[in-house]
Amino acid sequence: MRLHHLATVTLVTAIAFSAAGCGSSGSDPTPTSSDSAADEPVASSAIPDLQASLIGSWKDDPTGAYLTFSDDGTFIGSDNCNNLSGSFSPSGEDRTTLRFDMHTLRGCSVILDWLDKTREVSVEGDRMTAFDDAGDVLGTLERG
Numbered sequence: 001m002r003l004h005h006l007a008t009v010t011l012v013t014a015i016a017f018s019a020a021g022c023g024s025s026g027s028d029p030t031p032t033s034s035d036s037a038a039d040e041p042v043a044s045s046a047i048p049d050l051q052a053s054l055i056g057s058w059k060d061d062p063t064g065a066y067l068t069f070s071d072d073g074t075f076i077g078s079d080n081c082n083n084l085s086g087s088f089s090p091s092g093e094d095r096t097t098l099r100f101d102m103h104t105l106r107g108c109s110v111i112l113d114w115l116d117k118t119r120e121v122s123v124e125g126d127r128m129t130a131f132d133d134a135g136d137v138l139g140t141l142e143r144g
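Using the numbering used here, read the sequence shown as starting at 1 and increasing by one per residue.
Note that these hints are calculated values from the structure, not bench results. Please note: incorrect hints may appear among the correct ones.
Claimed, not checked - DMTMM-like, lysine to aspartate or glutamate: derived pairs with alpha carbons at most 20 Å apart:
#1 K117 to D101
#2 K59 to E124
#3 K117 to E142
#4 K59 to E93
#5 K59 to D71
As the list claims (entries may be wrong) - Ranges between beta-carbon positions, derived for each pair:
#6 D136 to L105: 34 to 44 Å
#7 G125 to L105: 18 to 28 Å
#8 E93 to G64: 16 to 26 Å
#9 I55 to G107: 23 to 33 Å
#10 A52 to C108: 15 to 25 Å
#11 G107 to A52: 20 to 30 Å
#12 G107 to D71: 27 to 37 Å
Here the structure is a predicted model, which is why all the values come from computation and not from measurement. Glycine residues also receive a C-beta, built at the ideal position from the N, C-alpha and C atoms.
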């Protein structure tokens with residue numbers, strides 16, 4: 001009889017805990033109408049047109065230098081000797097700002113010497129134009 005009572009108490013306790021787990025915990029993850037749109041992740045389709053046109057690889061055929069832009073806002077590249085990487089964001093209606101996080105400094109004879117001085121870029125068709133801090137044109141890269 002005592003074993004039957006213990007089994008009943010155990011079963012009732014297990015059911016109670018299971019039911020409690022199905023209830024509301026007070027912090028319901030279901031979105032409500034008061035949730036801010038800013039709390040939701042930004043889809044890559046929300047990238048401004050300029051940045052979307054930037055995604056992909058850009059190169060300088062004579063030197064082999066390149067920049068490759070990803071839809072997560074980062075880029076990698078090489079001046080044909082040194083590696084570089086960083087992030088990018090819109091800086092105006094027709095330009096994107098580059099921020100270098102890493103740039104190696106090896107000495108080589110054939111490099112695209114202006115690539116690491118690039119601070120902004122703009123895209124027109126299959127041509128990307130690079131600008132320095134003063135807004136002067138440094139050079140161009142072709143989509144590829």
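Hint check results:
1. K117 to D101: Holds - the C-alpha atoms of D101 and K117 are around 13 Å apart, at most 20 Å.
2. K59 to E124: Cα-Cα ~15 Å, so holds.
3. K117 to E142: holds (18 Å)
4. K59 to E93: violated (24 Å)
5. K59 to D71: The hint holds at about 18 Å.
6. D136 to L105: 34 to 44 Å: With a Cβ separation near 23 Å, D136 and L105 fall outside 34 to 44 Å, so the hint is violated.
7. G125 to L105: 18 to 28 Å: violated (33 Å)
8. E93 to G64: 16 to 26 Å: violated (32 Å)
9. I55 to G107: 23 to 33 Å: The hint (23 to 33 Å, Cβ to Cβ) holds, given that I55 and G107 are roughly 32 Å apart.
10. A52 to C108: 15 to 25 Å: violated (33 Å)
11. G107 to A52: 20 to 30 Å: violated (37 Å)
12. G107 to D71: 27 to 37 Å: holds (34 Å)
In summary, the numbered hints that this structure violates are 4, 6, 7, 8, 10, 11.
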